[in-house]
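If you read the protein sequences in the order shown, they are chains B and Y.
The first sequence begins at 23 in the numbering used here and counts up one residue at a time.
The second sequence begins at 69 in the numbering used here and counts up one residue at a time.
Check before you lean on any hint, since a few could be wrong.
Straight-line distance between alpha carbons at most 30 angstroms, and here's what the computed DSS-like set of lysine-lysine pairs gives [claimed, not checked]:
#1 B:K117 / Y:K147
#2 Y:K369 / B:K58
#3 B:K117 / Y:K387
#4 Y:K369 / B:K201
#5 B:K289 / Y:K248
#6 Y:K248 / B:K58
#7 Y:K248 / B:K117
#8 B:K186 / B:K289
#9 Y:K386 / B:K117
What follows is a set of in silico ranges between Cβ atoms, one per label pair, in the way DEER data are often shown [to be verified]:
#10 Y:V273 / B:E211: 53 to 59 angstroms
#11 Y:I237 / B:L91: 33 to 39 angstroms
#12 B:E211 / Y:R259: 37 to 43 angstroms
#13 B:T77 / Y:D309: 22 to 28 angstroms
#14 Y:A351 / B:A175: 38 to 44 angstroms
#15 B:G236 / Y:E262: 45 to 51 angstroms
By construction, these hints were calculated from the structure, which means they are not laboratory data.
Beta carbons are placed, not taken as given, at the ideal position from N, Cα and C, and that holds for glycine.
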Amino acid sequence: MVDFGILLQILFWGIYAGCIYILLATGLNLIFGVMKVVNFAHGEFLMIGAYITVTIFVLTGFNPYCIILLSMLALIGIGAVVERLCFRPILGTSKLNEIFLSIGLIYIFQNGAAMIWGDEWQSIRSPYQGITVPVGSFNLPLDYVIIMVVTAAILVALYLFLKKTRTGREMRATSQNRKGAMLVGINVERMDILSFGIGCALAAAAGTLWVVSGQVFNPYMGSIPAVKAFAIIILGGLGSIPGAIIGGLIYGIAENGAAYFLGGVWKDAISFIILIIVLVVRPTGLFGESGE
Amino acid sequence: MKLTRDEWTRWGIILTVAVALIAPFLSGNLYLLNLLSLMLICIIFASAWNLLAYSGQGSLGHAAFFGIGAYASTLIAVKSGVSPYITIFLGAAVAAFIGILIGLTCVRLKEWFLAMVTFGFAIIVQTITVSILTPVTGGWDGIASPRLLSPDIPGYQLIEYYSILIITIASIIAIWYIMKSRIGLAFLAIRENELEARASGVDPVRYRLLAFAMSAYLAGVAGALEIHHIGYITPEIFGVDLSFWPVTYVIFGGLGTLAGPIVGTVVLTIIWEGLKMAGLTFARYVIVGVLLILVIIFLPKGLVDLPDQLQKWWKARKKA
Chain B
23 MVDFGILLQI
33 LFWGIYAGCI
43 YILLATGLNL
53 IFGVMKVVNF
63 AHGEFLMIGA
73 YITVTIFVLT
83 GFNPYCIILL
93 SMLALIGIGA
103 VVERLCFRPI
113 LGTSKLNEIF
123 LSIGLIYIFQ
133 NGAAMIWGDE
143 WQSIRSPYQG
153 ITVPVGSFNL
163 PLDYVIIMVV
173 TAAILVALYL
183 FLKKTRTGRE
193 MRATSQNRKG
203 AMLVGINVER
213 MDILSFGIGC
223 ALAAAAGTLW
233 VVSGQVFNPY
243 MGSIPAVKAF
253 AIIILGGLGS
263 IPGAIIGGLI
273 YGIAENGAAY
283 FLGGVWKDAI
293 SFIILIIVLV
303 VRPTGLFGES
313 GE
Chain Y
69 MKLTRDEWTR
79 WGIILTVAVA
89 LIAPFLSGNL
99 YLLNLLSLML
109 ICIIFASAWN
119 LLAYSGQGSL
129 GHAAFFGIGA
139 YASTLIAVKS
149 GVSPYITIFL
159 GAAVAAFIGI
169 LIGLTCVRLK
179 EWFLAMVTFG
189 FAIIVQTITV
199 SILTPVTGGW
209 DGIASPRLLS
219 PDIPGYQLIE
229 YYSILIITIA
239 SIIAIWYIMK
249 SRIGLAFLAI
259 RENELEARAS
269 GVDPVRYRLL
279 AFAMSAYLAG
289 VAGALEIHHI
299 GYITPEIFGV
309 DLSFWPVTYV
319 IFGGLGTLAG
329 PIVGTVVLTI
339 IWEGLKMAGL
349 TFARYVIVGV
359 LLILVIIFLP
369 KGLVDLPDQL
379 QKWWKARKKA
């Protein structure tokens, strides 16, 4: 019989890993909702966010959790540039083009980062390393608690932005009906840039949380989490943010469960096995209504 | 002399084959010979990917078939002692069989759903190779693979090059034949409009599976050739990099055309090696990435389309 404490530990590990996936998947979902574009290079923004955090942290020694805002701001800018230069020209052409373009972006970002920061695995120490919070029978690292709280705060802020502000409403209108939004005078191209930028900022937040929790990183770290984030939004339904949150948690927990019970090499494979099973049964995803 | 389009094509083909035939004699350099052999293998691989894309299915996990063909051929050759010249085709048959299985999970999927599943599949295969199959595959360390020809034979590299060249030409002729035949037409019909294709009696499921099988077979041949050429195989062969290369080559050359993968592979290899000589490492990828994006945006039909575009531009300029 498996120890209950271990199950609890897997659960918390899973929620922590899930937080990063949720941020990535929510950003992708936002971009997909507004632009109907998929960006396989989304993980590269996570990586850039991580490196920006580390660079600022090493230079200034600020509390890394405060740098999250700076890295998000920087990525809004980078995202806007990428959208304007790369995705805008191919909007409305073949869907496969987006995938091919993402491959180009992956080459550029990964190796550009390797040129600037080198391609070794690195890691930094969190200021709260070693501090734990007792939860039931075992001790939860304080970093995990902070990460869960920060993720929740970002998601609540995004929710308020989308529901309560004028820009947020315009963005939702664009995602519901692009032509209709144009007709009522919404600048949809501005919405494109904005949603892409916010999506990238969420990825940057994920990157910051990744490094400050003490995990190792290198310029190639982004591809696998990004593809998993895709698997999550397929699982949760395209454009559905609650779906992304549930999917992210399921993936985080399943992965850590698989790593514990089957061995570490299965960590990545299990996500895709889940994805393939789900797609064989329901080609439009668990909560998706119609195929895109 | 004014040449028609067909004549241009014919002379182009003759010239290409002639260059490929005499290339090894232009320089006695073994590095160049090795490079040419690997380039030919990449042409087969890219053409295989292109065949699948021709039926409207863009795969991001073709390294899976490349690797399965390589592993299967190596293992058959090691266990049975048969010459790699035969096991290449047996290994590829294994890849084709797996291709059909993957095809079965993909028949209802499109565009990036399909891309995701194929991408994930390459990772699953890699995981299985290094976990359950470790006793046969040697896990992460890999295993030695029999060479195509024993290095004792004088001039074996030259014979190897011509063997690979013959297989490449045969593959391209086969693909040309498939594209021209009813099967190719069916692929096109499915790609353009699946509903209409079905209305006119084309069974999309069957043809999609067929495309998967043929593409996986050719990718398997390419993988087996490469591994028997190098002489060693590790699970790195299933890596993301190898899945992206054929895509890059094909997009560069021209998606869905016969010449696209060839032109793309040759041009990119030249650029790649040129940049390597200039001493660039990471910057090579950045440059290729930028070129790729420029091609997608400004030359959506790839480099094959460049002469037409230039002609158009030239005429427009003359008029103005």
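Here is how each hint holds up against the structure:
1. Taking the CA atoms of B:K117 and Y:K147, the gap is about 45 angstroms. The hint is violated against a cut of 30 angstroms.
2. The straight-line distance between the Cα atoms of Y:K369 and B:K58 is roughly 23 angstroms, inside the 30 angstroms bound, and the hint therefore holds.
3. Between B:K117 and Y:K387 the alpha-carbon distance is near 35 angstroms, which puts this suggested pair outside the 30 angstroms criterion.
4. Our distance criterion of 30 angstroms between C-alpha atoms is met by Y:K369 and B:K201, whose separation comes to about 29 angstroms.
5. Proximity of B:K289 to Y:K248 is assessed by CA-CA distance (about 44 angstroms); at most 30 angstroms being required, the pair is judged violated.
6. Distance restraint check for Y:K248 and B:K58: the Cα-Cα separation of roughly 35 angstroms exceeds the 30 angstroms cut-off, and the hinted pair is therefore not satisfied.
7. Annotation: proposed proximity of Y:K248 to B:K117 holds, straight-line Cα distance about 25 angstroms (limit 30 angstroms).
8. Under the criterion of a C-alpha separation no larger than 30 angstroms, the hint pairing B:K186 with B:K289 is inconsistent with the structure, at around 39 angstroms.
9. Of the supplied pair hints, the one linking Y:K386 and B:K117 is violated, its CA atoms being roughly 36 angstroms apart against a limit of 30 angstroms.
10. One distance hint, 53 to 59 angstroms for the beta-carbon pair Y:V273 and B:E211, is violated here, with the actual separation near 40 angstroms.
11. Restraint check, Y:I237 to B:L91: a C-beta distance of roughly 59 angstroms breaks the suggested window 33 to 39 angstroms.
12. Remark: the range hint 37 to 43 angstroms for B:E211 to Y:R259 is contradicted by a beta-carbon distance near 30 angstroms.
13. For B:T77 and Y:D309, the hinted distance range of 22 to 28 angstroms is satisfied, since their beta carbons lie about 26 angstroms from each other.
14. The hint said 38 to 44 angstroms for the Cβ distance between Y:A351 and B:A175, and at roughly 39 angstroms that hint holds.
15. The hinted range of 45 to 51 angstroms is satisfied by B:G236 and Y:E262, whose Cβ atoms lie roughly 49 angstroms apart.
The structure does not agree with the numbered hints 1, 3, 5, 6, 8, 9, 10, 11, 12 stated previously, though it agrees with the rest.
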